[in-house]
Amino acid sequence: MAEAHNPLEQFQIKRLVPMEVAGVDVSFTNSALWMVIAIALITALMVYGMRRQALVPGRVQSAAEMAYEFVANMLQDNVGHGGKPYFPFVFSLFMFILFANLLGMVPYSFTTTSHIVVTFAFAIVVFVGVTIIGFALHGMHYLRLFVPSGVPWPFLFLLVPIELLSYLIRPVSLSVRLFANMLAGHTMLKVFAGFVISLGVLLGWAPLAFVAALTGLEILIAFLQAYVFAVLSCIYLNDAVHMHH
Amino acid sequence: MGPEAAKLIGAGLATIALAGVGVGIGNIFGNLIAGGLRNPAAVPKIMGNVFLGFALTEAIALFALVVALLLLFVF
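In order, the protein sequence lines correspond to chains D and H. If you read the first sequence in this note's numbering, its first letter stands for residue 1, the second for the next number, and so on. If you read the second sequence in this note's numbering, its first letter stands for residue 246, the second for the next number, and so on.
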């Protein structure tokens with residue numbers, strides 16, 4: 001029974017439909033199941049919400065429009081003109097992370113974003129995409145991003161490696177931020193839920209109240225981390241699209 | 246002192262990072278309150294930046310958590 005009380009047990013990946021293609025394990029896992037659920041919910045929200053396209057929106061249409069406007073404003077504020085072509089990507093990224101984070105708050109569900117494999121895949125796609133966009137728009141001039149202007153030239157020997165390193169570390173910090181937030185939040189919830197049982201009826205209400213408050217905080221964090229991931233992607237995109245900012 | 250004890254001490258030391266994060270988050274919201282009292286009309290405009298800063302600062306604490314977890318479970 002000791003294993004059942006491990007707060008990290010919730011992150012275990014279980015094979016639901018074992019599959020193998022050419023020696024590579026491609027089983028349908030619980031992680032994949034919750035990703036499919038997230039995508040199905042997003043598609044349902046957008047397609048069902050916009051089926052009438054009423055001038056005075058109903059509840060579902062309002063939610064769909066709010067999500068659209070939120071991301072559109074974020075892109076407008078951070079990238080400005082020239083950012084519109086990347087809207088579909090940023091919107092999908094934001095909505096998927098948001099729904100994956102929020103679905104993780106459902107009891108007995110699985111948080112896909114609590115695995116660094118998933119978040120690092122997102123981050124590396126953003127990183128490689130932004131680098132390709134930068135080189136495609138500016139050619140070799142994109143390398144000037146690593147050379148700060150208005151600095152006496154001897155300092156460049158120090159500053160260029162720092163700028164290069166801070167550019168290359170982006171996918172790591174982007175993915176670890178999201179994954180660690182989800183991991184820490186869910187572990188903390190389970191640890192305090194364990195205190196409720198061990199303290200019993202007499203004192204158990206105190207951690208129970210704390211768990212309720214933490215759940216509220218975690219829902220805020222779920223939204224905030226999706227926002228932060230999308231905003232940072234926009235900021236990186238802005239570096240690539242408009243180099244002189 | 247065995248390697249097991251050293252591991253636990255290392256994981257405990259990793260939590261020192263929380264001191265810096267406490268200062269950081271306190272700075273963010275302290276300055277928000279100080280600035281908001283001077284100019285309450287500007288508060289809604291900067292809330293996005295405040296939460297961005299909060300999330301970035303909080304992430305530093307979680308990097309320390311990752312270090313602690315790595316020390317405990319990987320080595």
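No lab work stands behind these hints, which were simulated from the structure alone. Quick caveat, the model's predicted, so the values are computed rather than measured. Any given hint could turn out to be false.
Derived DSS-like pairs (lysine-lysine); straight-line CA-CA distance at most 30 Å [said to hold, decoys possible]: (1) D:Lys14 x D:Lys190; (2) D:Lys84 x H:Lys252; (3) D:Lys190 x H:Lys252.
Hints that the structure is at odds with (numbers, increasing): 2
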